[in-house]
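**Q** Next come the chains, spelled out residue by residue.
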Amino acid sequence: MNATAPPPMRVEDLNAFYGSREAVAGVTMSFAANAVTAVMGPSGCGKTTLLRCLNRIHEIAPGAYAHGKVMLGDQDVYDSDISVVELRRRVGMVFQRANPFPTLSILGNVTAGLSRSLSAAERMNVAEHALRGAALWDEVRDKLHKPATALSGGQQQRLCIARALAVEPEVLLMDEPTSSLDPISTLSIEELMTSLTDRYAIVVVTHNMQQAARVSKYSAFMLADETGIGRLIEMGETSRIFTKPVDSRTEDYITGRFG
Amino acid sequence: MNRSLASRHTASWIGGTVTALCALIGAAILILILGYVAIAGGRAINPAFLTQLPVPVGEPGGGVANGIVGTLITVAIATLLALPIGLLCALFLALFGRGWFPEAVRFLSDVLSGIPSIAIGLFAYTLLVAPVRHFSALSASVAFAILMLPIILRTSEEAIRSVPRSIREGALALGLSEFATTMRIVVPAARPAITTGLLLAIARVTGETAPLLFTAFGSQFWELNPAQPMAQLPLQVFTYAISPYESWHAQAWAGALLLIAAVFILNVLARLVLTPRTQR
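Which chain is which? The protein sequence lines are A and B, in order.
In this text, residue positions in the first sequence follow this note's numbering: the first is 1, and each later residue adds one.
In this text, residue positions in the second sequence follow this note's numbering: the first is 1001, and each later residue adds one.
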């Protein structure tokens, strides 16, 4: 692990809108390689919107757009000549609720993002690798052709992680990935996140401070101002944010005075 | 308002009873029709009725085999015409559904679904029969396709739209293109509901009679060529029902029973398709 490695992803003065409503304003932050960065804050603080700007899934909602810079390596993902499809292969995403493709088998789900020119053997190879990476292989190896919807909620979420890993992204975005899961499944996903940092930069949105404290190396705290626009309040190493927050609002949040 | 509890209970009881009675009447009418058709038609249904050609008045027996086959052919061609157009149109509306043009398409499709079938038949007659001075099953198929189109279109659009947004987002987030997301993920997820719409559209036209009068026209013979006038089950029911002969009346009821059975089966299938499968 190289401490001086350049951040794989960096946001500069990002502003995100839904029609005329501004949801996020003036956010500048960077996401370190081989680490989990947690973005936390109360509901409506713009943390999910920020995350969705990183792979440009934000703009598929009607009227939604963003401006500012989101640098992936030395490329601005908001450049007009960038391929959104290519971007989303490099920046994977796991959603709040597991969303396996209902008509596909477990295997079909894991390989859904792969090129169709791959042979069956190659697909199987990638699938096994991704399922092992998502700590799901042992549970599903005998039922790869069963429907994905037959899995439990926690397994479905790990399947969605495997599906994202299969296309070998550089960054993995996770939008409150455990908020609909039981504590045991939550624990397994959190352990998974930690183990995935040896290959990926992970950005996780969470409203659960304990989770942020458990899994992340860096934390960002966001809050909506009085007009409802989400802003970054402060960011730093998680240990520092939780013990010596600079901003009193962060301290209020950490100590449970609001949110 | 300060009514006593007793009067509220009374009002509630009356309301409940009246609505239940109305529901009973509604169901009873359907059961009455079905029962009567089953009894009147059941008498004349036998293997010969299903497998033989019509016979001249006075001769005993005979059947509607040519009408059954004719209806199947006509509806099948109509489905082949309406399905691709309706499906592609629904895809367009579901994916690019905003703006004046898609709204206009939706509005026109709703209007189209309200046009009396006889008018559609007249249109098909003017377009395909009058110019060539020749009745044909194909012209009936075109009329049927026009009747099916709005049903297929709107149910398919609804089916595609009702696929959860999270599924679409999941596919896009994997780096699938809009096209691949739609064709590989969204449409397959919508397929049961699309199939239901298709079956209901088929059920809708299977019993249609009015457009057939001046398109397929009917025939006494085996006719499998869609360019020719062709026997149709609903037409045979119509012809037999208005005839003065007792034996034909019985056959009319039997034909009606067949049509109702077909529509019934299609509706049951439409429901079965929608129930989630556990195997795949």
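Since the hints were derived computationally from the structure, they do not count as laboratory data.
Where is the CB? At the ideal position from N, CA and C, for every residue including glycine.
Hints may contain errors.
If you anchor each label on the Cβ, the simulated ranges turn out as follows [stated by the list, open to error]:
id, chain 1, residue 1, chain 2, residue 2, range
1, A, PRO183, B, ARG1191, 48 to 54 Å
2, B, GLY1035, A, MET124, 57 to 63 Å
3, A, LEU118, B, HIS1134, 54 to 60 Å
4, A, HIS67, B, PRO1084, 40 to 46 Å
5, B, LEU1224, A, ASP138, 57 to 63 Å
**Q** Decide, hint by hint, whether the structure agrees.
**A** Hints, one by one, checked against the model:
1. A:PRO183 - B:ARG1191: 48 to 54 Å: 37 Å, violated
2. B:GLY1035 - A:MET124: 57 to 63 Å: Given range 57 to 63 Å: holds, Cβ gap about 58 Å.
3. A:LEU118 - B:HIS1134: 54 to 60 Å: 55 Å, holds
4. A:HIS67 - B:PRO1084: 40 to 46 Å: 42 Å, holds
5. B:LEU1224 - A:ASP138: 57 to 63 Å: With a Cβ separation near 59 Å, LEU1224 of chain B and ASP138 of chain A satisfy 57 to 63 Å, so the hint holds.
Checked against the numbered hints above, the structure breaks only hint 1 and satisfies the rest.
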